[in-house]
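Number of protein chains: 2
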Amino acid sequence: MSERKYRYIGTRAIRPDGLDKVTGRANYGADFVLPGMLHGVVLRSPHAHARILSVDTSAAEKLPGVRAVLTGSDLPDLPPDMVGGVEGHTNFRQLSMNTLARGKALYHGHAVAAVAATSEEAARAGAAAIRVDYEVLEPVLDIDRALEPGAPLLHDDIGNGSNLAMRIPFEKGDLEAGFAAADLVIEREFRTPMVHQGYIEPHACVARVGEDDQVVVWCSTQGAFVVREYCASLLGIDPAKVKVIPSEIGGGFGGKTTVYLEPLAVALARKAHRPVKMVMSREEVFRSTGPTSGSKIRIKVGARQDGTLVAAETDIYMEAGAFPGSPAAAAAMCMFTQYSIPAYSLVAYDVLLNKPKVAAYRAPGAPMGALAMESVLDELADELGIDPVELRLRNAAGATDRAPTGVELGDLGLRETLEAARQHPHYAAPLGPNQGRGVACGYWFNGGMQSSANVTLHEDGTAVVAIGNPDIGGTRASMALIVAEELGVPYERVRSVVVDTDSIGFSDLTGGSRTTVVTGHAVSMAAREIVDELRARAARIWDVDPDEVRWEEGRALPPNGAHQPLSVEELAAQSGALGGPLLGKGSLNVGSAAPAVGVHVCDIELDPETGVSRVVRYTVVQNAGKAIHPSYVEGQMQGGASQGIGWALNEEYIFDAQGEMENPGFLDYRMPVASDLPMIDTVIVEVPNPANPYGARGVGEIPIVPPLAAVANAVSHAARIRMTELPLSPPRVLAALESAAGG
Amino acid sequence: MSERKYRYIGTRAIRPDGLDKVTGRANYGADFVLPGMLHGVVLRSPHAHARILSVDTSAAEKLPGVRAVLTGSDLPDLPPDMVGGVEGHTNFRQLSMNTLARGKALYHGHAVAAVAATSEEAARAGAAAIRVDYEVLEPVLDIDRALEPGAPLLHDDIGNGSNLAMRIPFEKGDLEAGFAAADLVIEREFRTPMVHQGYIEPHACVARVGEDDQVVVWCSTQGAFVVREYCASLLGIDPAKVKVIPSEIGGGFGGKTTVYLEPLAVALARKAHRPVKMVMSREEVFRSTGPTSGSKIRIKVGARQDGTLVAAETDIYMEAGAFPGSPAAAAAMCMFTQYSIPAYSLVAYDVLLNKPKVAAYRAPGAPMGALAMESVLDELADELGIDPVELRLRNAAGATDRAPTGVELGDLGLRETLEAARQHPHYAAPLGPNQGRGVACGYWFNGGMQSSANVTLHEDGTAVVAIGNPDIGGTRASMALIVAEELGVPYERVRSVVVDTDSIGFSDLTGGSRTTVVTGHAVSMAAREIVDELRARAARIWDVDPDEVRWEEGRALPPNGAHQPLSVEELAAQSGALGGPLLGKGSLNVGSAAPAVGVHVCDIELDPETGVSRVVRYTVVQNAGKAIHPSYVEGQMQGGASQGIGWALNEEYIFDAQGEMENPGFLDYRMPVASDLPMIDTVIVEVPNPANPYGARGVGEIPIVPPLAAVANAVSHAARIRMTELPLSPPRVLAALESAAGG
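Residue numbers (the numbering used here), protein chains in the order written: chain H, 40 to 782; chain U, 40 to 782.
Bear in mind the hints are in silico, worked out from the structure with no lab data behind them.
This structure is a prediction, so every number in the text was calculated from the model and none was measured.
One should not assume that every hint holds.
Since the list gives no way to pick one copy over another, a pair counts as held whenever it fits inside one copy or between any two copies.
Unchecked claim - Listed below are the simulated EDC-like cross-link pairs for lysine to aspartate or glutamate, each with C-alpha atoms no more than 16 Å apart in a straight line:
#1 Lys60 to Asp252
#2 Lys60 to Asp251
#3 Lys60 to Glu250
#4 Lys310 to Glu250
#5 Lys211 to Asp354
#6 Lys310 to Asp113
#7 Lys339 to Glu210
#8 Lys101 to Glu160
#9 Lys339 to Asp354
#10 Lys339 to Asp120
#11 Lys101 to Glu725
#12 Lys44 to Asp59
Using the sequences plus the hints, can you model the full thing?
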């Protein structure tokens, strides 16, 4: 990496969207209004598993105000092998059936029909008037039951006569020889429940369809181009006719990378010849959108006396929900990867059951994998009498080690990150009574994919950077910093905007921790195109070769100091006269935003009377490559840790025996609030990503990978009992304490 | 020009915006709605000329629902020499004072205060409660009075103690010798009244201001970047903070190239901390926006017996309205230009008076200039016994002749256009009783200026072309045709969009007949950038030199036919794998969209009893260079002729003695409707513009240049009286007939 000194990159600039958000002016998905707009609602299945015998909409259609009723038969029947979308992995037929049930309702809350009417009340009345005859079937609600021979099957055409949608193995070395060489082998089974991302803003959209099928969709999404492709594919509309305008987004964390309401709103608008708005309630978000999988992971790890890992084996079962697509394979790709282990086996199982189809949630799968691996490493360290950070240092992967997929890792910066954790005062601080400390490490591969950017330098000396990635974590600030850095325009005069699908080249979703790195790279390319043009224009003014003109700190410098330098403001002001508007574009497709690692240290104080575990101190150490905007990086670190703490301690989908979620609201689904948490300390390590112009790595997902294990290790130490099932809620911890005391 | 064969260019493709407009779905300026939006109204001066002694807003501010009141003292006082905007010619201080009066009200309808309230009714009540004390002054209402010594002065600081804002002379050759060589000299004076563009959609906007002064303006405008610059400059806001989103536009014709409501809406929104919508009534549009100037033109032309013009002289007086800026100089630049005249003098006078400040109207100034010149040529032809087309052919300028500004004309295609008119059946058709035929020629220089374009080719094989020019006359269709032509993507799969100021490089306004030519050129550049990248990618696949790869009809062709050609669809589908999204950008600054000429032939039937002149046949012949979309070109030709006919026959601002317009509505301001006009015949001549990739010339303005003269010549022939003052309304013609009969 260059030793470049930065003027803007790495500063804590004021976020451009901040004031609008804190003053309530920012427009989210539900804030759009169109003249003549209808309101759409969804009728959802009251059964977790049921055959739909008939749907009678005739009474609903006659109700006052009702303008359109939609059922599964209104959507095109797509071929089973039609795929596309994010990384080409989305099965459109399944997505369509998740959007609106056909034949069977596969989870409690599965959409069965939709109604558009002149008011929300009229639409609800319409939905209530739809008669659906169901044949109720036995619901499949856990992994073990799903895989039992003779269990009810969700699908005839998926899983070859079972509820196992997929089995994906990864292997390396001689596992038997590895375990034979071990001085100590630990084997455990871990379970985690289904949990939700818990974004504040429910899904919301407005759709408008012209008589020529020209579609406009406003919605809260992490990927406007994803919505474009999904709506077009599910409804059989030419994507050339679809424009998607992303609103501000009140959180996504992976949960807004697919569609629920959007195709329904478009189909209703098309049928009603009027725009249609649809907004989910919180209950609908819980019951009918994609949380992440519950998991069951069996793991066995062998080590020598000195802590060297010699073999590891795991079976990762994850709940896909009603359609294939759990992150079990992603978990497998991360679980062992930051360690050099000569032999391993990782097998991922994707299990169908009658729960909502899961969606992405921040480093999907990796937190559960890390819970298993990092808990076992914690036990190994305990048993072998090795400091847990030291144990991980001894096994840290080298730059030429490879991921299970075969990709070379490069320098992860893991050693630096572990050392920073070990040197942090937190790590040496004494613990009080009933307190335990947990350490855990995490690895995440980070996404790559495609991004586009347009940069414009105006005559008034202001610049605009336009991208297609909704800003879920500081994208606008980071992109503005990059443009300010490259052009030398002051940060405050760079306008950073997220535009619609008609106004920018293809841009994969904001997710996979890719945006600052990959979209930022596209922005850098676009800004440098302008710099090249400015150098060429300066060269014309000076009558010299453009290659001889240097660009430094917002100024074109002539060869040999023969002329006064020309500033970006001077060149911009003359842009009309010098050939016209100054535009730059950038686009690229990359494999990854470089892998990320983090080390978390967690102190828990356990109340032995109540079983309540309280986080009393928490430190996140993470390799950010280069923190473009350190405050945002720290925010990601703190946010990821907070979500992971909630998942570890309290969050869970609780289903009754019929498969109905019993706690679909924030009062009963217990996410941590500010008063539940200490200030989370952060340390940014910077071991650069050589593929990025600034060395940046993806930072958004990795911070949720270690917390499950860090918290579980801390609770296990405080309780002196190895805890293997989440959440570590008071009843569960109390039961474990009582059972240990009784045993 | 190349002899390129086109697949899409020159076809009459279906317009992309058509169905939305005819089904009422298109969103115009007044169709935007924001949560918590207020309604703003303007309090206007009831006097044409008055000193504002005091403005008391205290009662208004206390009224229920009123949230903000704005007066001139709320706007920054700008320095007198602060200019910018369209071609750098806008004086911002004057624009600001026109937007909201300071010190004096200068015309009846001049904005004096503005009020934002929770409803339009509350805002009107608020405006009614504002107390303004005026000292009423004598209004200056015509050119002659304005220029009289001792006439009341509008401004202390403009005009050097007179109401003459500017005098601009153009001269060539020895005028005295020229006239001395003439066999026949004709001298006349012509007058035309102030007329309005008459666009259907009144001005409308919504403004939103964040607490950090981030501004968003939605509005109906011909130039979103103009609104951005004007709002920023008038309110002292950094343009980096201003985003303008252009709505669909229900007509502009030049009248929507400036601002009226937008800065007021922004200032009110800033003061009220709420979004503000403002919509003008038709009456406000007439009284308070910019029509085009009334004019007085004295002209003297000398010719030899054979029709050769030897000298011409003119004084062009035009009403600027309350602030400088009539199109008198533009009239001077066009009046004689299509003819080769060895000696001439053109003097343009910009006259201030107490009428609305004029704005652009389709070829500003040129129609009045053509009325004078083409009427005198008609008389010369009559007197000399030469066919009027022949007379013009004998004097047609050559390619190396120059405009009064010194610019070389190039081949105007005037001979071809005159010949096409002469050969048209209309020209030989016999006339009936009381009928007269008029011929007139027109010249317009056409604008150039800056344009930007982004083109994207998606993996699904669709393309998007994004531009910053609101579509007032078929821009979207033309841009899509160009992209289809260059990329080989079917026209139906090209999405053509007008985007906001954050989503595109700087783009001068849609006007000056520049958009298809200049923005189309930028689009062509952007599409060709993508073609170059496609050729490079094909070359990589084939492992050949990119320069050896040809692009023909949407396919990359390998050298020597060594491989199967790769289609645009195939290359697009692989774009992710081949390096990422395919983007192209284009931008340029040009002097002109190439000059345009037209020849109109008009037959009038005059009712001698009533003085009613009815157009019975009308033919427009015009050099379009290359008609990108012939139906739209014909539409421009027909539309321009229709507006010119209305101006010639009936339209006029009628002021009472106090300067109040007496006919501010479409019932009293008499524009032609469909039943007033015959089908207007069109002939497109194509003598290409060598500076455009397709040979296109600007076509939108020239068709309004000849009609005033063509109609006046026809009426003069039918009446056998030379008519020199417009409109040729029944009372005026009847009076002339009676006076001739009596005399």
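Cross-check of the supplied hints:
With identical chains, the CA atoms of lysine 60 and aspartate 252 are at most 16 Å apart between copies only, with a shortest distance of 14 Å across copies and 34 Å within one. In the homo-oligomer, the alpha carbons of lysine 60 and aspartate 251 lie at most 16 Å apart only across protomers (11 Å), although the nearest pairing inside one protomer, at 37 Å, exceeds that limit. Proximity of lysine 60 and glutamate 250 under a CA criterion of 16 Å is satisfied inter-copy only: 10 Å between copies versus 36 Å inside one chain copy. Proximity of lysine 310 and glutamate 250 under a CA criterion of 16 Å is satisfied intra-copy only: 10 Å inside one chain copy versus 41 Å between copies.
Only within a single protomer do lysine 211 and aspartate 354 lie at most 16 Å apart by alpha-carbon distance; the minimum there is 15 Å, versus 93 Å between protomers. Only within a single protomer do lysine 310 and aspartate 113 lie at most 16 Å apart by alpha-carbon distance; the minimum there is 10 Å, versus 50 Å between protomers. Taking the shortest Cα distances, lysine 339 and glutamate 210 sit within 16 Å of each other inside one copy (14 Å), while across copies they are farther apart (97 Å). Proximity of lysine 101 and glutamate 160 under a CA criterion of 16 Å is satisfied intra-copy only: 15 Å inside one chain copy versus 38 Å between copies.
Taking the closest pair of Cα atoms, lysine 339 and aspartate 354 come within 16 Å of each other only inside a single copy of the chain (9 Å); across copies the shortest separation is 99 Å, beyond that limit. For the identical chains of this complex, lysine 339 and aspartate 120 are neighbours neither inside a copy (37 Å) nor across copies (81 Å), given an alpha-carbon limit of 16 Å. When the C-alpha separation of lysine 101 and glutamate 725 is checked against a cutoff of 16 Å, the pair qualifies neither within a copy, at 64 Å, nor between copies, at 59 Å. Proximity of lysine 44 to aspartate 59 under the C-alpha cut-off of 16 Å is found in neither arrangement, the shortest distances being 32 Å within a copy and 53 Å between copies.
When held up to the earlier numbered hints, the structure conflicts with 10, 11, 12 and fits the remainder.
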